[in-house]
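Protein chains in written order, with the working numbering: chain A, 1 to 538; chain B, 1 to 538.
Honestly, the hints are just simulated from the structure, not real lab data. Careful: at least some of the hints might be erroneous.
Copies of one chain are not kept apart here, so a pair can be met inside one copy or by any two copies together.
Only pairs whose alpha carbons sit at most 25 Å apart, straight line, appear in this in silico SDA-like list of lysine to any residue [stated by the list, open to error]:
no.	residue 1	residue 2
1	Lys163	Glu484
2	Lys335	Arg345
3	Lys163	Val483
There are 2 protein chains.
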Amino acid sequence: MRWWGWGEDGYDVNLPETASFLLESQLGVPAGQRRTPVTLEEVRLPEPRLPVRLRERLTGLLGADNVRDDREARVSHALGRSYPDLIRLRSGDGSSAPDLVVRPGSAEQVAAVLAACAAERAAVVPFGGGTSVVGGVEPVAEGFAGAVSLDLGRLNELGEIDKTSLTARLGAGMLGPEVERRLAEEGLTLGHFPQSFEYSTVGGWVATRSAGQASSGYGRIDELVEGLRFVAPAGEISLRGRPASAAGPELRELLVGSEGVLGVVCEATLRIRAAPQQRRYEGWSFRTFAEGCEALRVLAQADATPDVSRLSDEAETGLSFAVAPPAGRAERVVKRYLRMAGHERSCMAIIGFEGTEEDVERRRLRSAALLRGGGGLSLGRRPGEAWQQGRFAGPYLRDELLTRGVLVDTLETATSWSNLAALYEGVGAALRRALGSTSLVMCHVSHLYRSGASLYFTFFAGQGEDALGQWRTAKEAASQAIVEGGGTITHHHGVGRDHLPWMRAEVGEFGLELLRAAKERLDPAGVMNPGKLIPDRS
Amino acid sequence: MRWWGWGEDGYDVNLPETASFLLESQLGVPAGQRRTPVTLEEVRLPEPRLPVRLRERLTGLLGADNVRDDREARVSHALGRSYPDLIRLRSGDGSSAPDLVVRPGSAEQVAAVLAACAAERAAVVPFGGGTSVVGGVEPVAEGFAGAVSLDLGRLNELGEIDKTSLTARLGAGMLGPEVERRLAEEGLTLGHFPQSFEYSTVGGWVATRSAGQASSGYGRIDELVEGLRFVAPAGEISLRGRPASAAGPELRELLVGSEGVLGVVCEATLRIRAAPQQRRYEGWSFRTFAEGCEALRVLAQADATPDVSRLSDEAETGLSFAVAPPAGRAERVVKRYLRMAGHERSCMAIIGFEGTEEDVERRRLRSAALLRGGGGLSLGRRPGEAWQQGRFAGPYLRDELLTRGVLVDTLETATSWSNLAALYEGVGAALRRALGSTSLVMCHVSHLYRSGASLYFTFFAGQGEDALGQWRTAKEAASQAIVEGGGTITHHHGVGRDHLPWMRAEVGEFGLELLRAAKERLDPAGVMNPGKLIPDRS
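The following block holds chain A by itself, in its conformation from the complex (with noise of 0.2 Å):
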């Protein structure tokens, strides 16, 4: 991955011509302006400052070839993949680059470092596809003899297969595509796709309760999560794989989204299903959101939950017919039928469904019995497999905006399907508020349980003067709606640090004791992801 944005080198995207006047009539950002980023020698990076003694112990550790301070290794370890990181990165801020960047090739080795770094008190900061958006893998070294980035991109074995228990054990490095592919190699699938899914890792995952966008159907990550392999400073817990137990507390439940703040994710034996023999997705229209939420709320609650479901608002809807490529002879027969039923200003959903054809074909009949119930109006498959070539492609889509000056980011929360609509109008009035008259507030609906839904919200505006002030305070706005307004801080991107200063308002000052508990004794030198996670006592 280039280290100031997201993809490789050369691959770029181009806005089409209808996007570019929607940022210059709507968001107020001049039409030829390029910020392009700085060059990575023109990144500026503080001295190194670790320990010449640990960083001697780490090379007898693993061998000089997995122990790296150069200037290229430092910098695309240094932050995340969110907004605020890119904009830093391209402007040339290096500040937050680790001293060093180890990789070691062992559950063993982890241990061996994280026992080197506690014993100096450097940082360590274990990083998987370094893409987190919610500065999660960014170094906070204050206090500390420096910072360590642990780059767990070594562990990236496949191990046993269980095809009758339908689980794999998986190295923590292993990248999204990785497994997928190794696993279509034996006819199975884990169907854990984040937006992120090309550059992140099954670690990364499992330490920050990803979710993926076919989470509805194929579970969330801390559903699929049967058995762990888990390192801290002071010992090493391996949960063997069981279906299900009531031998007390759950503790893989406490390691799963300990975001490298307890200790490190070295492997995890995750529940797989066989690969689908097709995959079916449709777009539907509502007449409003709420007409849709309502629909979809009876598809949860009639166990009808599709694999993918996913409803935009008015505001993203329109923003996704405006970008379409110029409609031809069918967009315009779709256009004339949805105005005759009524649904001109609608809202769109993707709604998908993978497995057999048989249980395709099933599962989508009666969820459209349901959905037509609900007001919906079916668009065909054409829809569904737009959303299908394009659902990786924000991160690439978004280098290109801030090169043309634009702020662009998303958050997201989760709430009771009685409390969706408050939420819903709390988060965008506060984003709005925030950012102004010229900015674009949108938000879909992206997984649906049957007590509620999540609210995934993107937000545009045109770059201000202080990019990072004016980030932060839509920021704020949005994560004081979201909780004054009864929803959780995040639904799957994490807490990292951009989430710190509300986990008191999630988990209450008695909730953050007993994760201080266990951070004191699986990390006692306090030295793992410091920032991160669990505020310090107020």
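The hints should help you fit chain B onto chain A, whose structure is shown.
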């Protein structure tokens, strides 16, 4: 509930003649033998030893009506309802009786009781319905200034029901039938039916990570907890309801299953459902247990899991036929049909569906096709209805068997599908070895998951001279076989005192450290339910 057994006085079960014959012929239990329990007055109780000051403080907090140390209160809170508990009670052993039984009326009163007891180092044993079969409610107060049983029966309020999000806030002390009665008034159900349903409570279910007979369909209690109000000596944790979150470790999962050792579940917001319009339970026959297991695996992995699915092995099937009422014409027809189909010594399964009529029919037909494809033979609704009628009968029957001088107990585990047959063989062999030839060991699969299933063993023998020692030998043999065979030490009974020695094998020494860290933070004085769940450091 009567103090020495199950149900109310006068509710006695008569064994059929065939059962008496089996007891004599197979277990060597003399036909006329009757071992009746002592009277309440004959139970030997230790002198109360709680500091007077604490007793007065608790009386001041709760009122004299809610602070009892009479014989009936103490004996009825001395033990749970396991086989060894009943053996002890019936023989007049009240040595584990608490010094005091208190009944707080609110979460605030619970907090005040915990503070008072922590200050005096008196052990506190949370008590819901008292139905633990693993020694979970037995006071273990050596080294403490006495034991207080914290009866939560007065926390029995139904809080708000959210009919849109399908959640209900329930007081910890609500009993199963009360929960279902109140929800039924609104057309709703929780669907949680452990065999102890009539006498167990919301708080007990949550604290022990309970699974009910229909939990393959409605979800285990840990899957149903949306929010929680949890009071520990050091503070309170209120986790507001949310359908899902990525905000760090899931603290709820650390409190669910904490068995009173970390604190007290005072209130739970649980996920509920529309009450079923229809319940349809059917019998199925398989030629062998292995064939039946394989058919159930196919169901589970095809997402066609019934709400109830129990597959009895040859021994359990044989016993249920043997003690059934004398065969009428219909039964003789069925037997001939089974014989002709090669199912003479078969394994019987109960397959049940609940929901709307349309749902039940659709799911039933799909599962029936898969079961037939797996070698199953439908036996129609009669066996299903018989099972439904007797679903809560086990503990009543047990009282009569104890009177007859029979050792009878159950234990359970879960493992992956690929390990199921080996674990089944291993545990069965260990029990038969421990109990000797005049015993009967039988098993059923009771809960299905995509990755595995649970095994539920029932075993019988004639009571030896040293009934408790005889039981302990069998229990230890089975537990050892479970952990060595890769099973979890308990799938739904919990840990309590009886499974304590196997928790190290379950989560490892460092996993125990994590539990201890939570314990020390929530309960610094260590007064909460000592001697349960978390073994001392080795």
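Structure-based check of each hint:
no., hint, result
1, Lys163 - Glu484, "between (46 Å within a copy, 22 Å between copies)"
2, Lys335 - Arg345, "within (10 Å within a copy, 65 Å between copies)"
3, Lys163 - Val483, "between (43 Å within a copy, 23 Å between copies)"
Of the numbered hints listed earlier, not one is contradicted by the structure.
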